[in-house]
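Q: Could you build the full structure based on these sequences and the hints that come with them?
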Amino acid sequence: MYDICVIGGCGHVGLPLSITLADRGKKVIVYDISTESVNIVRQGTMPFYEEGAAGLLQKVLADGTLQLSDSPAVISDSKIVIMIIGTPVDEHLNPKFQVMVDSVNQCMPYFRNGQTLILRSTVYPGISERVNDWLREAGLTMNVCFCPERILEGKAMTELYSLPQIISSFTPAGLQECRDLFGLLTAELVEVQPTEAELAKLFTNVWRYIKFAVANQFYMIANDYNLDFYNVYHAVTHRYDRAQDLPTAGFAAGPCLFKDAMQLAAFNNGNFYLGHSAMLVNEGLPNYIVQKLKVKYLLKKMTVGILGMAFKGNSDDIRESLSYKLRKILQVHAGSVVSADPYVTDDSLLPQAEVIAQADIVIIAAPHKQYQGLDIPLNKVTVDIWNVLGRGGLI
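Read in order, the letters of the sequence shown are residues 1 to 395 in the working numbering.
If you are wondering where the hints come from, they were derived from the structure by calculation, not from laboratory data. Predicted, not measured: the structure shown is a model, and the values here were computed from it. Treat the hints loosely; a few may be bogus.
Stated by the list, open to error - Below, computed lysine to any residue pairings styled on SDA-like, alpha-carbon distance capped at 20 Å:
#, residue 1, residue 2
1, Lys211, Ala200
2, Lys294, Glu283
3, Lys59, Leu184
4, Lys292, Asn223
What the hints assert, rightly or not - For each label pair, taking beta carbons as the anchor points, the in silico distance ranges come out as:
#, residue 1, residue 2, range
5, Lys211, Val381, 21 to 31 Å
6, Ala62, Arg179, 28 to 38 Å
7, Arg150, Lys300, 38 to 48 Å
8, Asn269, Glu129, 17 to 27 Å
9, Thr158, Thr45, 17 to 27 Å
10, Glu91, Thr158, 32 to 42 Å
11, Gln176, Gly390, 50 to 60 Å
12, Asn269, Ile329, 25 to 35 Å
13, Gln291, Thr186, 40 to 50 Å
14, Val192, Gly44, 33 to 43 Å
15, Asn268, Asn231, 33 to 43 Å
16, Arg239, Thr158, 20 to 30 Å
Glycine included, C-beta positions come from ideal geometry on N, C-alpha and C.
A: Structure, rendered in structure tokens:
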């Protein structure tokens with residue numbers, strides 16, 4: 001018998017949570033449909049980069065508090081089931097509910113009365129209530145809860161212990177289970193209704209997305225007037241508390257922010273002009289960079305090197321990375337394109353030194369710490385929208 005089963009437990013959300021709960025003494029079973037991922041983690045290897053996770057993973061495996069399986073049968077043997085299944089959006093930017101429907105239906109034969117089901121990933125508001133209804137219609141009496149994750153990828157092993165946990169449930173018993181479970185990680189819990197928790201998660205991500213869009217719009221305005229955004233940024237933020245939450249410019253991408261802005265728009269009947277405007281700004285930044293380069297240089301005769309293909313700095317995660325969008329646009333407008341990333345494994349990538357040597361223009365597309373102080377020859381055009389090199393971001 002297990003204390004906790006984490007469905008989708010080998011992913012960026014599920015695995016850090018599984019490790020931390022196992023480290024707190026809970027008997028955790030990770031269930032994942034990817035046999036390859038299960039085998040990798042079972043051997044004590046993290047399938048992705050997560051700061052501080054590797055050593056703790058090996059510890060909980062050795063202690064026996066963390067086990068792994070690719071069989072759904074382990075769901076039945078668990079008191080608490082945590083489901084890491086979100087609601088993606090389709091090509092028309094509408095939520096794809098079928099993913100959640102299929103996931104619940106696949107697990108339904110293994111659920112049993114008295115279990116607590118905790119939904120952890122971002123969902124379209126109202127999905128938790130629908131899951132609760134589906135289970136009751138199937139004759140199951142379970143405590144359905146929604147407790148969203150809010151970790152920063154790469155910092156999960158710190159933030160799972162430091163951030164307040166948002167918890168909610170449709171039953172008092174389920175809420176108490178959430179208190180007991182997440183109270184193992186942090187002393188501060190925020191209790192709300194399930195739909196409020198769903199909106200809180202969306203609001204959190206969309207607020208970040210909008211702030212990034214503001215910074216990127218400011219960057220484009222300054223650059224269009226041949227002014228360095230980072231000089232203006234310093235003037236705005238230096239020892240001025242009311243502007244400290246203004247981000248720097250850069251690609252705002254990944255599997256959550258854009259998607260969640262579109263989910264919130266769909267929830268509000270398409271009436272979310274700020275979210276749609278943020279999407280146009282953030283998704284338009286790669287094209288803006290290319291168009292600026294086309295104006296200043298004979299791009300079709302030049303080789304462009306892209307450094308950093310992950311969607312964020314110091315990560316190996318390429319999901320929804322705008323670096324790949326940038327590369328696609330450049331493949332149309334530039335003579336040739338080469339790219340590198342110290343974290344990402346991709347057959348299309350070259351060694352960093354080779355990319356710099358071949359390139360006439362070098363674009364730093366992800367703010368990896370390895371790029372700080374990078375020596376790029378003066379005969380190369382450098383585009384540093386993140387200001388990683390500390391020389392400004394002017395194109």
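Q: Which hints from the list above does the structure break, by number from lowest to highest?
A: none
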